[in-house]
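All chains should be built: construct the whole structure from the sequences, respecting the hints.
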Amino acid sequence: MTTLSPINTGNTLIVRPTETPPATLTHNIEVSLKRPSSVVSLGNVVSDTLSDTYSRRGQLPGQETVRAWESDSQDALSKSLNANFNSQSTANRFSGLGAGLIAQFAKGGAGVSQSVMFASADRAANAGEIKVDQGLLHTKADNLVSLSIKTASGKTVTFSLSSQTDGLGVQATVDGGTLSDEELKAIGKLGSAFQSAVDGLTATPPKLDLSQLTQFDTKLLASVDLNAKLKSLDGQDLSLAFHADSQSRTTRMRGPLGELNLAVDLKNAAILGNAKQQAKALQSYLAQFDRAQERGSAKPELMAMFKDAFSAMNSHYPQGVTLPEALTRNSTDQGLLTGLADFKASIKQTSESPNPMRPSEVDSFAYEVSQKTRVGGTSTLDRSVSQDQQSSLSASFHKGLKGGKAPALDGNAEPQNYRYIQVQDKASSSAKLSYKDGLLASATLDQSASQNTRTQQYVMGKLVEDTTVPKETSVKRDYLVLLEYAAKESKKSKDALEESTVKEALASLHASVMLQEDPSALAR
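Numbering-wise (UniProt numbering), the sequence shown opens with residue 1 and increments by one.
There could be a bad hint or two in this list.
Said to hold, decoys possible - Each computed BS3-like pair below joins lysine-lysine, with the alpha-carbon atoms no more than 27 Å apart:
#	residue 1	residue 2
1	267	344
2	432	476
3	344	229
4	299	471
5	150	189
6	219	150
Unchecked claim - Distance ranges between label pairs, derived from CB positions:
#	residue 1	residue 2	range
7	153	248	18 to 28 Å
8	72	139	20 to 30 Å
9	236	192	22 to 32 Å
10	181	72	22 to 32 Å
11	233	175	28 to 38 Å
12	139	103	15 to 25 Å
These are computed hints drawn from the structure, not numbers from a lab. Where a beta carbon is used, it is the ideal one built from N, C-alpha and C, also for glycine.
Below, the structure written as structure tokens:
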């Protein structure tokens with residue numbers, strides 16, 4: 001028997017999270033569940049308990065989805081969270097949140113913790129359960145980006161953005177005491193730097209926009225750390241760890257395309273050149289990276305991130321910090337050095353085996369480059385400097401016979417028309433100079449470059465050609481006479497060196513010092 005039972009429509013159940021923001025933030029913050037005027041029951045007299053009453057969507061009361069807010073704040077940051085919450089992409093969800101979080105914190109230095117989550121009405125109303133969910137969102141979400149700033153006075157401020165399918169949050173915490181107005185101002189200047197880094201990491205394809213994170217006041221801020229763990233819509237992970245202080249900078253990135261590792265040593269400030277010299281050296285290295293990408297057929301998106309990170313870490317060196325006593329500040333010495341800080345950098349592309357008929361043929365790219373400088377001696381009168389640059393490239397890839405595009409290979413013989421190319425390159429540059437009793441005693445430059453290219457050509461799956469082409473060149477140059485003459489000119493007056501004919505020769509000297517990976521170009 002089917003019975004219809006009337007129910008009082010005046011009873012209303014309001015489900016709220018632990019703390020509910022005003023309705024201006026969203027219309028889903030609270031849900032009003034009214035009992036229907038009648039309930040259909042099969043076989044028994046219906047009970048008017050709520051557990052037997054269903055919503056229009058077929059959900060039991062208490063299981064309705066609501067937006068649960070961590071705080072009832074109506075500030076601009078909460079409004080941004082509310083506006084971004086409906087977006088599916090991490091890029092849109094994090095849009096403006098990094099800059100907004102730092103701007104809000106910098107106003108007074110108070111901690112910030114805000115989040116919005118989808119939750120059942122029952123769970124949102126349970127203070128203990130929803131608090132656990134909010135804590136996990138801030139620390140264990142699928143997408144997390146944090147910026148940790150340590151002040152020179154020993155305090156640490158950490159800003160974090162978190163996102164997953166059912167939640168979006170921001171947090172700012174302070175450890176070590178109250179920040180001064182000067183410290184808050186210095187931190188506030190990093191808002192756009194944080195946002196630029198976040199926007200780059202969440203872009204498609206990802207980018208490493210880290211240059212602004214190196215431009216902080218080292219008198220007030222001791223270090224900056226950016227850490228990220230991101231998951232794309234197709235489930236692929238990307239992680240980043242960046243650190244910068246007055247002594248060193250490091251970047252480690254791992255993603256679907258491959259991995260990058262870069263480290264810059266800033267302790268030996270005596271070897272740094274002027275801004276113009278550094279810019280020329282940086283440009284020379286970036287051009288070399290382009291040539292390595294072309295020769296080894298690296299993925300352009302991965303190389304672009306490598307170049308961006310290298311540029312960021314070798315620009316805007318710290319100013320105003322206590323530096324070790326310079327043993328090499330002579331303008332003529334500087335021409336024999338790159339002007340950059342010492343570094344180690346490597347890029348490794350994720351390997352692929354695109355040919356099912358020959359799985360041992362791997363598409364790969366691995367490149368390393370470094371600079372190491374040693375400064376010795378007891379004074380400016382008796383000193384020695386040696387600077388070594390090195391690079392190595394190991395790559396293999398497939399190319400079609402009628403163009404540069406990679407062939408579409410499968411298990412059939414028909415499309416098996418291609419070249420499989422393997423390259424092994426090495427290059428080095430070693431500059432050395434020494435002074436005895438204040439006089440230049442030696443100034444030499446030793447360079448070498450080697451390239452080995454093996455090409456295997458296949459037609460209809462059969463090997464028809466296998467060639468190996470080696471190239472190698474080494475040169476040694478002595479610049480003692482040139483630098484001695486330049487030193488004499490510089491003693492005449494501070495403008496004499498700039499006006500003398502040796503100026504152009506010194507500029508050419510600096511260009512020749514840069515690492516050259518092509519044996520043919522080195523021999524010229």
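For the pair residue 72 and residue 139, does the Cβ-Cβ distance stay inside 20 to 30 Å? Holds - the Cβ-Cβ distance for residue 72 and residue 139, about 22 Å, lies within 20 to 30 Å.
27 Å limit on alpha-carbon distance, applied to hinted pair residue 432 and residue 476: 11 Å, holds
Does residue 150 pair with residue 189 here, judged by a C-alpha cut-off of 27 Å? Given pair residue 150, residue 189 holds - Cα atoms ~14 Å apart, limit 27 Å.
Taking the beta carbons of residue 233 and residue 175, is their distance inside 28 to 38 Å? 35 Å, holds
Does the beta carbon distance between residue 139 and residue 103 stay inside 15 to 25 Å, or does it fall outside? Hint holds: Cβ distance 23 Å, inside 15 to 25 Å.
Do the alpha carbons of residue 299 and residue 471 lie within 27 Å of each other, as the hint requires? It holds: about 25 Å lies between the C-alpha atoms, which stays within 27 Å.
Starting from the hint 22 to 32 Å, judge whether the C-beta atoms of residue 181 and residue 72 obey it. 29 Å, holds
Could you say whether the range 18 to 28 Å given as a hint is met by the Cβ separation of residue 153 and residue 248? 20 Å, holds
Is residue 267 within 27 Å of residue 344, Cα to Cα? 14 Å, holds
Lying within 22 to 32 Å: is that true of the beta-carbon distance residue 236 to residue 192? 28 Å, holds
Given the hinted pair residue 219 and residue 150, is their Cα-Cα distance within 27 Å? Holds - the C-alpha atoms of residue 150 and residue 219 are around 12 Å apart, at most 27 Å.
Is it true that the CA of residue 344 sits at most 27 Å from the CA of residue 229? 24 Å, holds
The structure agrees with every numbered hint stated previously.
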